[in-house]
Every structure is written in C-alpha cells, then in structure tokens.
Amino acid sequence: GENVEQHPSTLSVQEGDSAVIKCTYSDSASNYFPWYKQELGKGPQLIIDIRSNVGEKKDQRIAVTLNKTAKHFSLHITETQPEDSAVYFCAANDQAGTALIFGKGTTLSVSS
Amino acid sequence: DSGVTQTPKHLITATGQRVTLRCSPRSGDLSVYWYQQSLDQGLQFLIQYYNGEERAKGNILERFSAQQFPDLHSELNLSSLELGDSALYFCASSVFGESSNEQFFGPGTRLTVL
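Those protein sequences? They're chains A and B, same order as listed.
For the record, in the first sequence the residue sitting at position 51 is 51 according to my numbering, with numbers rising by one throughout.
One rule links them: number in my numbering = place in the second sequence (from 1) + 112.
In case anyone wonders, no lab produced these hints; they're calculated from the structure.
There may be inaccurate statements among the hints.
As the list claims (entries may be wrong) - In silico DSBU-like links for lysine-lysine, alpha-carbon gap of 30 Å or less:
hint, chain 1, residue 1, chain 2, residue 2
1, A, Lys42, B, Lys169
2, A, Lys42, B, Lys121
3, A, Lys68, B, Lys121
4, A, Lys104, B, Lys169
5, B, Lys121, A, Lys57
Computed from a predicted structure; not experimentally measured.
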C-alpha cells in the first residue's frame, strides 16, 4: 500500500527564516497531496494542497511543490512567525482513492 | 473552526468497556472519515462512510465499528477496550467520497482507557 515518509521530524528556525518540510510517497497512482497544520489540543487544519497536474502552488507565505517523477513533494513557509509553530503533516491519497495516508509529522518551532 | 463537530471532547473509561464517539460533518458534506492518532502510529485511517454506506476500511480493529445515519452524522463504536486504544480519535468530512476531495477535520475526542 501507499507509504508516506516525512522529514525532518523536528525543525527549529528563527522568526523571519524559511522552513522546508519534505515528503516522499510510494504509490505512483496518488494524485492528491494535502498539508495539514495541527496545533496543540486541536484537530489537523488543511493549509494547502496540490494535485498531480500542478507542479507548484502558493498561498501567501506558504507554497507546495510536487515532483511526480521523483515522487516527492515539499512545503515551504517563508518569513516564519511564532504562530507558525505547530506540527505539520503531509499526506497522499491511496491507490484505491479512498483514504489519505499521512506522514509522521514535523514539529516546527519558530523562536522570536 | 472547520465546521466538523465531535463529542465528547474527552472520555475516560476502563478496560473492557464500550464507548461511542459522535461526529457531525460540515453542512453539505456527504462523506465522513474516522482516524486514530497515537504517538507511535501517527494518524491512521480507520473507516469511511459516504451518504450512509461504508465506502472504505483501513486499519480498523474488529472490536471497532461505525455507522453513518440518515442525517449524515456518524458514530464510532469501540468495544472491549484495551489500554492500547487510548488515543485521539478524529473524524473528517468531505463533500464527496473520493480521497482527492478536501477533508476537514473535527477537534477530536481524546480517549483514555485505564
């Protein structure tokens, strides 16, 4: 079945720096790749997603890139702020197209 | 606020007991997904319902079952509880049943089995 690897598991940056989180997936049939942000005590919040017919997508300070050939996708956060501190999860839809398979998460800490 | 509601927020129970977790999807969403989040396993897909019918099963134990009612709310039933069932349980909803649809998560139910 689909497997999603995510790294790094923890990432510490200074406010204003950029942060990059990378994921690889195993199933070439996957065509949807969302990113979620989870703050302490809350449910995962969808922050951006990308589909396989697009190579890059931006939303203000957040961007996601997808390399279908290499089967990896990345989340880029620019001008990080303390409120960006959270756990970030990448995901890919499975071969059957019914479920999302999640990476293990990256704990991002932004210090001011 | 995603528009997905879950009750209760916290649940503490004993081994061997049975509990029911409830989820109401966003208005207009037909599909409900259940996930389990634990420290060692991360976010694991359990089961999906679409418009009242079971659509997909993931790593769901036989002691667990779910259903989706005509008003589209869903319940996850966990029985013969074990210590290892302690986890966060999330439901998510989407408009349709395909996993390429955006899924919106509820705030979760924290289950503690003592």
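**Item:** Structure-inconsistent hints, enumerated in ascending order
**Value:** 3, 5
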